[in-house]
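Enquirer: Using the sequences and the hints given, assemble the complete structure.
Chains A and B supply the protein sequences, listed in that same order. Per my numbering: the first sequence ends with 107, consecutive numbering throughout. Per my numbering: the second sequence ends with 1116, consecutive numbering throughout.
No lab work stands behind these hints: they were computed from the structure. For each residue, glycine too, the CB sits at the ideal point set by N, CA and C. Among the hints, a few may not be true.
Said to hold, decoys possible - The calculated label-pair distances, taken between Cβ atoms and stated as ranges, are: (1) A:N22 / B:T1080: 37 to 43 Å; (2) A:T20 / B:K1014: 43 to 49 Å; (3) A:E17 / B:S1073: 45 to 51 Å.
Stated by the list, open to error - No farther apart than 35 Å at their CA atoms in a straight line, the calculated lysine-lysine pairs in the DSBU-like style are these: (4) B:K1020 / B:K1055; (5) A:K53 / B:K1041; (6) A:K55 / B:K1041.
Given next are the chains, with one letter for each unit.
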Amino acid sequence: KNEVEQSPQNLTAQEGEFITINCSYSVGISALHWLQQHPGGGIVSLFMLSSGKKKHGRLIATINIQEKHSSLHITASHPRDSAVYICAWDTGNQFYFGTGTSLTVIP
Amino acid sequence: GAVVSQHPSWVICKSGTSVKIECRSLDFQATTMFWYRQFPKQSLMLMATSNEGSKATYEQGVEKDKFLINHASLTLSTLTVTSAHPEDSSFYICSAPARGREGEQYFGPGTRLTVT
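Expert: Structure below.
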């Protein structure tokens, strides 16, 4: 059983739509990371958070420690947002990675 | 611009040979670096933690004699896949802790290894 569950696995959206990707976990954490992986494989770290909410431009990440759940939101989605989004839980000793959500934004 | 580089970006080798992959931190020092692998359509898996001046820490199930890690300087960690087999074909990625952003990572662009 994967310690980190992401949903949905695949997501297609029209440009401009509001997008939510969910991540839940079953282990204790010290931090949660949201990563973006582009088709070429390159990975960018979007957020690292251990409580509350963070915002960068059109991206918002939230975490609920009690419910062991985190969400990544994209407002006014754009085709350049098309990528795989991966959540990763950092227990302080180990990373647990979600299976990723493949997002395609259609013009 | 990129703050962590990897070389090569892709490599094809024959079974039984060894391949070295370099991970460099650009303009900053990294006493710790992390190595991951990613099989097609699968998520990342942490392989090992590379520590400058000491032995690497390997995750459970990762063969330390097969995946040799050397962190010889504060800006360079190398992963050598020894006696490579086709099942070692994968995408290998390194990361280094971000400066001034505790807990965050800078990821390298990855190295795609194909063993024939």
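Enquirer: Against each hint, give a clear statement of whether it holds in the structure.
Expert: Hints versus structure:
{"no.": "1", "hint": "A:N22 / B:T1080: 37 to 43 Å", "verdict": "holds, 38 Å"}
{"no.": "2", "hint": "A:T20 / B:K1014: 43 to 49 Å", "verdict": "holds, 46 Å"}
{"no.": "3", "hint": "A:E17 / B:S1073: 45 to 51 Å", "verdict": "holds, 47 Å"}
{"no.": "4", "hint": "B:K1020 / B:K1055", "verdict": "holds, 17 Å"}
{"no.": "5", "hint": "A:K53 / B:K1041", "verdict": "holds, 29 Å"}
{"no.": "6", "hint": "A:K55 / B:K1041", "verdict": "holds, 28 Å"}
In this structure, none of the earlier numbered hints is contradicted; all agree with it.
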